[in-house]
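S.K.: Going down the list, the protein sequences come from chains A and B.
Position 279 (the first sequence) corresponds to 287 in our numbering; numbering is contiguous.
Position 264 (the second sequence) corresponds to 272 in our numbering; numbering is contiguous.
Treat the hints loosely; a few may be bogus.
Because identical chains share one entry, a pair is satisfied inside a single copy or across any pair of copies.
[To be verified] 20 Å max Cα-Cα, derived EDC-like pairs, lysine to aspartate or glutamate:
| # | residue 1 | residue 2 |
| --- | --- | --- |
| 1 | K391 | D141 |
| 2 | K17 | D77 |
| 3 | K269 | E364 |
| 4 | K262 | D363 |
Think of the hints as simulated: they come from the structure by calculation, not from any bench.
Protein chains: 2
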Amino acid sequence: MQINPRILKGFRDSLPEQEIIRRDMFHNLEKTFRSYGFMPIDTPALEYKDVLLGKGGGETDKQVYEFTDKGNREVALRFDLTVPFARFMAMHSKTVNLPFKRYHMAKVWRGENTQKGRYREFYQCDFDIVGLDNASSDFEILLLIMDSLKNLGIEDFTIHLSHRGLLNAFLSHEGISEKSVEILRCVDKLKKAGTKTTKNMLEMLVGSEKTKKILEYITTGHDDPLNKGSILDNLIKLSGGPSKHSKRLQDIIKFLHGSGKQDKVILDPSITRGLDYYTGVVFETFLNPLPGIGSICSGGRYNDLASLYTREQIPGVGASIGLDRLLAAITEPEMKETLTIHEKIHSDVMIFCMDESLAGYYAKIADCFRKKGIKVDIFHAKKKLVQQFKYAEKKQIGFAVIAGGNEFNNNTINMKNLKTFEEIKDISVEKAITLIKNKKL
Amino acid sequence: MQINPRILKGFRDSLPEQEIIRRDMFHNLEKTFRSYGFMPIDTPALEYKDVLLGKGGGETDKQVYEFTDKGNREVALRFDLTVPFARFMAMHSKTVNLPFKRYHMAKVWRGENTQKGRYREFYQCDFDIVGLDNASSDFEILLLIMDSLKNLGIEDFTIHLSHRGLLNAFLSHEGISEKSVEILRCVDKLKKAGTKTTKNMLEMLVGSEKTKKILEYITTGHDDPLNKGSILDNLIKLSGGPSKHSKRLQDIIKFLHGSGKQDKVILDPSITRGLDYYTGVVFETFLNPLPGIGSICSGGRYNDLASLYTREQIPGVGASIGLDRLLAAITEPEMKETLTIHEKIHSDVMIFCMDESLAGYYAKIADCFRKKGIKVDIFHAKKKLVQQFKYAEKKQIGFAVIAGGNEFNNNTINMKNLKTFEEIKDISVEKAITLIKNKKL
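All chains should be modelled from the sequences, with the hints used to inform the complete structure.
M.R.: Following this line, the structure appears as structure tokens:
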């Protein structure tokens, strides 16, 4: 009896065409992280359920893959990389060098409603600086977002920056801080639900006068897309005067100007990151040609990362790149330019099989090409030439090496450009390599 | 109430020092695979239980992490990459280009007895050619093993090659093929249990005369470590004369000689790969300085990969590198040379924090270095210099940039070699880059 080959709802296979681009993105990001001195870590996919869910009861819990293992332990698959990192820091804060700069790219699992076009298995890519609470480290995370995207070939984006502490100061100043959780929940929906719905929700919560104030605060600068005005001055006024929070934003803006990187960042007080654990700056990043797909990189400052596990206070700032969202984005027509920088080719050269008994000779030829950094695919079966050409075409291979018994005896090859069909016969492998390298064929 | 931060038995965190080497190994292997035209794929970590376990009941099943998900599906975490690949091929054989060369590096999970020093979460790295049954593709997998290890800096290893079909022909010739499962189980233990134990077990199974024959077969060449003798001739004789299986081995050996890669492969008829699904060549790879750790890369030919899911016959040949075993091996003193090729450094340059308000300037300096491929770690807090030096030392950083208000005003930096403590003052960033690149500091 055969078994029906199928995969779980919300899960996907990744075929070579997509997986090549994904892995190229990973390597590219990793290179940027390393150029900033950020180090990789890894944590288990499976953890104790109480370690991942804490006291539990939240919205997340319902989505978590959890079970009892054969040793009768309550376990769960990680649903993000932040909670395991908090646990990691509680256990290793003495071993790693503080301040600690790390990144982590790995899969997480959530049993989400797949109708929203979401997947139940996806990659996260987090990077953080922990052990410091200052403007310089907040600033570096913003720089790293910019460089990561730039190195991926993405130039047209904007980071929307805000500060949770400043928003809280404003709510306090208005005497409505006891309703901050509910207010944040409304404000967080502004971009999706629009101003009118947000206004109605807020009015039911705090009345029309306070709603007006809140809308004034969160839409400050929204009519000034280039961020040229005195947005921060306005926010300071609305929040009752200068504070350490406004000072932090001022410093970051000063550093951005000092480094010449101010153009990609705007102040946007409607960014709150919902009910997350952030305490300082918060930010979201949008692709200007594709604002509808939402933020592709979000994060902020949290000043008590590991409080669930330890009394040691570990402040930090970090961001998370939405890899799957970004991968979907760069295949959109609006982002065509970006995709061209990613390696899609399977191989540069294919060695045709003219005689199966020459496999040793073919391997020797391939070895010479590979030593010069040229990727070589050897066709292993003596099939009709048209079939071999078809295989090379499907794999978008540029050049063919065609060599049979005669060439073997002469220690030469025939080399064919598979786009122009130009062919040069009876040349040495070294000559062929020179021709390809110098684009002379 | 705080939660005790802890991880599950058999699971591990990977700290930067180890994770850097692991990721470097991954990239290195991947580069080799791609140079052979092998393409990456990915499959879900979680699958339907019946898809992974088939009709079930085996030894593996007891070790599998399985549960019922919230949609009432019986699911399991993958315990290897072969079964998901078989399912993948049954679903996508029409989409991917046959012959299909793929690799897959990913985590798998097994609830194994951890007392053996085994882990319950570990990486596998598989590469296969499917869609062909010939000597040329068997041969290419052997070449790819050699090149993968060589590019990892591992030169001193031996691939032990054998053929399951030839062994079966021998058992048939001796009239004991109906006991082949039990015999294979004994033979497979030869390297671990020794000849005496194996002999005793075989004698209980087939009597002393047949045992003598089996031992003769499986130890052929064991007194000829350089494989100079006529081992294959002996095996042909013992298995009742030439067959397509002996022809296959002959062809592979011919190809190895033809490519000049014969030195790393020996015939070793005691290799059987136990009760696995192999039908043709089988092989294991040992590090000559560390034979005790077992095979670091094993595999073989299977001629019916996806038979559990489809009537379509999909032949293939492939290998699996034991990444965790290899990672453990290269940190052993015997392999010291190997480790030196792996990048361990965190950053090349650290920019000291002399004045927190200069973060913008520091970022600008770092940018110049990074554009020249130099990794830069910025220290973000105005701590005592001795603390900053300590941080740089722990991270093995070679150079320090020290710049305060004066240097900012002059648009210069001071550059210090952290090993020799030589310092050059008041130079431009461009000058500093030239000095480092030319090793003049």
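S.K.: Return the numbers of the hints above that this structure violates; sort them in rising order.
M.R.: The structure breaks none of the hints.
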